[in-house]
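Q: Protein chains in written order, with this note's numbering: chain B, 1 to 286; chain Y, 1 to 286.
Each hint should be verified, as a subset may be incorrect.
[To be verified] A partial selection of chain Y residues facing chain B, derived with a Cβ cut-off under 10 Å:
1. H176
2. S259
3. L261
4. W285
5. D286
The set of hints was computed from the structure by calculation and includes no laboratory data. Cβ atoms here follow ideal geometry from the backbone N, Cα and C, with glycine treated the same way.
2 protein chains.
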Amino acid sequence: MSSSSSRPSLASKSPIGVFDSGIGGLTVAHAISRAMPAEPISYFGDTAHMPYGDRSPELVQSWSVRIAEHLVSNGCKAIVIACNSASATAAEAVRDAVGPAVPVIDVITPVAAQVAAGEARRIGVIGTRATVGSGVYGRCLRDAMAHQLGGASGRSVEEWATPLLAPLIEEGWHEHALMEPVIAAYLEAAGWSADKLDALIPGCTHYPLALDALRKVLGPGVELVNGPDIVAAAVAQRLADSGLLSTSGSTTHHRFAVSDLTPSFADSARRFFGSGIQLDRDALWD
Amino acid sequence: MSSSSSRPSLASKSPIGVFDSGIGGLTVAHAISRAMPAEPISYFGDTAHMPYGDRSPELVQSWSVRIAEHLVSNGCKAIVIACNSASATAAEAVRDAVGPAVPVIDVITPVAAQVAAGEARRIGVIGTRATVGSGVYGRCLRDAMAHQLGGASGRSVEEWATPLLAPLIEEGWHEHALMEPVIAAYLEAAGWSADKLDALIPGCTHYPLALDALRKVLGPGVELVNGPDIVAAAVAQRLADSGLLSTSGSTTHHRFAVSDLTPSFADSARRFFGSGIQLDRDALWD
Chain B
1 MSSSSSRPSL ASKSPIGVFD SGIGGLTVAH AISRAMPAEP ISYFGDTAHM PYGDRSPELV
61 QSWSVRIAEH LVSNGCKAIV IACNSASATA AEAVRDAVGP AVPVIDVITP VAAQVAAGEA
121 RRIGVIGTRA TVGSGVYGRC LRDAMAHQLG GASGRSVEEW ATPLLAPLIE EGWHEHALME
181 PVIAAYLEAA GWSADKLDAL IPGCTHYPLA LDALRKVLGP GVELVNGPDI VAAAVAQRLA
241 DSGLLSTSGS TTHHRFAVSD LTPSFADSAR RFFGSGIQLD RDALWD
Chain Y
1 MSSSSSRPSL ASKSPIGVFD SGIGGLTVAH AISRAMPAEP ISYFGDTAHM PYGDRSPELV
61 QSWSVRIAEH LVSNGCKAIV IACNSASATA AEAVRDAVGP AVPVIDVITP VAAQVAAGEA
121 RRIGVIGTRA TVGSGVYGRC LRDAMAHQLG GASGRSVEEW ATPLLAPLIE EGWHEHALME
181 PVIAAYLEAA GWSADKLDAL IPGCTHYPLA LDALRKVLGP GVELVNGPDI VAAAVAQRLA
241 DSGLLSTSGS TTHHRFAVSD LTPSFADSAR RFFGSGIQLD RDALWD
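With these hints in hand, go ahead and build the complete structure from the sequences.
A: In structure tokens:
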């Protein structure tokens with residue numbers, strides 16, 4: 001990690017560092033930009049190594065720590081791990097590397113806390129093999145429930161890997177007629193009928209683009225948890241707590257870097273951020 | 001690259017080096033092992049970086065050259081680039097790096113030569129974004145046709161990217177009921193009805209597992225080209241031409257290495273090679 005002395009000062013006008021294995025984390029970056037319009041964002045998408053969801057925990061940890069150090073050495077005042085697979089397997093390693101001076105917010109802890117505080121008793125989680133294999137949502141939810149009135153009693157958490165959803169969304173098929181049967185096939189394999197779940201956590205930053213298809217398959221009775229908005233609120237709270245919220249009222253300038261740049265990544269970025277953005281190649285791994 | 005003096009001698013009993021971005025190239029390794037049972041194979045699957053099909057040509061070249069040099073420095077007598085994306089973008093760079101002393105066989109040139117020598121006049125090619133974006137099948141086919149009687153006159157080649165097929169096959173869904181509608185959606189987007197094509201080249205080493213689904217969607221009138229068998233025959237010919245064919249009649253021992261090892265890769269390996277094999281982690285990128 002960078003030594004404290006070599007770091008730029010953590011001024012409140014410094015950017016929030018947001019990273020993901022690729023472009024899916026732009027859904028989180030976008031939610032942050034909507035919640036805190038005065039905060040500049042420095043985004044890093046590791047498109048040279050995506051997807052993290054199929055890799056070993058050791059590899060995801062090694063890449064995540066290097067990226068977080070890179071963002072901090074470039075002056076970021078906080079780090080958002082905008083990738084469920086990296087949050088599941090590397091959040092502790094990233095905190096060890098760049099914290100506690102730099103707040104590190106993952107995308108799992110705030111979501112688990114909010115769902116645990118809610119009414120849902122039968123909770124399903126879908127995500128990549130890495131996320132589901134780690135069992136981290138179950139642990140975080142049960143930990144958070146233990147602090148609620150009544151604890152985890154009578155509440156259940158089940159997790160199921162749905163590795164095809166991210167490639168389908170990246171291919172732009174989230175509104176395709178085949179999206180719903182693929183989701184239905186996974187839910188059937190998981191044994192989750194609509195009357196078996198109270199809430200579903202779409203545990204991958206790609207999945208917010210597929211909320212309509214998930215809603216249609218699950219029906220109106222299942223709460224669909226909106227991860228990016230919950231994470232953006234948690235980031236705002238952590239910045240406020242640390243005295244790092246921007247006091248500027250001026251227009252902000254975001255930076256979006258990727259480790260490998262292709263026309264297809266540029267196209268996808270538009271879909272995930274919700275508007276046209278400029279991607280630059282960052283030679284971190286060269 | 002390794003200097004010639006540091007290379008082990010290219011004895012005929014040395015292994016054939018076969019590499020792919022991941023595990024799909026095992027379909028080619030298996031075809032080679034069937035065609036030449038006396039030849040030991042040293043396989044390298046770059047599971048830390050898969051899939052190559054979405055990356056930039058520069059990145060695929062850099063990884064491919066490093067892997068080929070690694071295999072040669074470990075004593076391989078020939079290199080098979082068992083990945084269409086790497087064959088499309090990096091074959092020349094690999095030949096520059098390890099040839100001409102070490103024969104380099106890609107998976108595109110022999111297939112294009114065989115199809116060009118056949119009767120098919122309207123030829124379709126499906127593959128990853130990297131393979132189709134390179135246009136290499138079209139170039140190779142037209143070059144090969146130019147040497148045939150009648151040249152390329154009246155013959156056509158169309159290429160279409162089908163990036164979801166590899167993830168579906170990796171998920172084990174190649175016999176799933178949803179495989180056929182996904183293929184049909186791509187063929188419709190490409191404008192290819194069954195009566196529009198004489199032959200289809202499945203231009204990705206994953207696709208041989210989906211031949212049944214492709215056959216059902218295309219009907220019996222379209223020739224489905226079997227890439228791995230054609231490539232295995234080309235490898236045998238090149239080894240014979242170079243005096244490198246193994247003269248041993250004894251049982252061979254293959255080695256299968258991957259740059260990242262997870263239970264899911266181990267499961268997939270069984271499907272792609274057609275029988276249980278032992279994967280070992282190779283710390284090439286550490």
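Q: Tell me if H176 of chain Y is really an interface residue toward chain B, meaning its C-beta lies closer than 10 Å to one of theirs.
A: Holds, about 7 Å.
Q: Quick one, is the S259 of chain Y hint okay against chain B at 10 Å, beta carbons?
A: At 9 Å from the nearest chain B Cβ, S259 of chain Y passes the 10 Å test, so the hint holds.
Q: Given D286 of chain Y as an interface hint, is its Cβ closer than 10 Å to any Cβ of chain B?
A: Result: holds, 9 Å to nearest chain B Cβ.
Q: Interface hint check: W285 of chain Y, Cβ to nearest Cβ on chain B, cutoff 10 Å. Holds or violated?
A: Since the shortest Cβ distance to chain B is 9 Å, the answer is holds.
Q: With a cut-off of 10 Å on the beta carbons, see whether L261 of chain Y makes it to chain B.
A: 7 Å, holds
Hint check: no violations occur; every hint is consistent with the structure.
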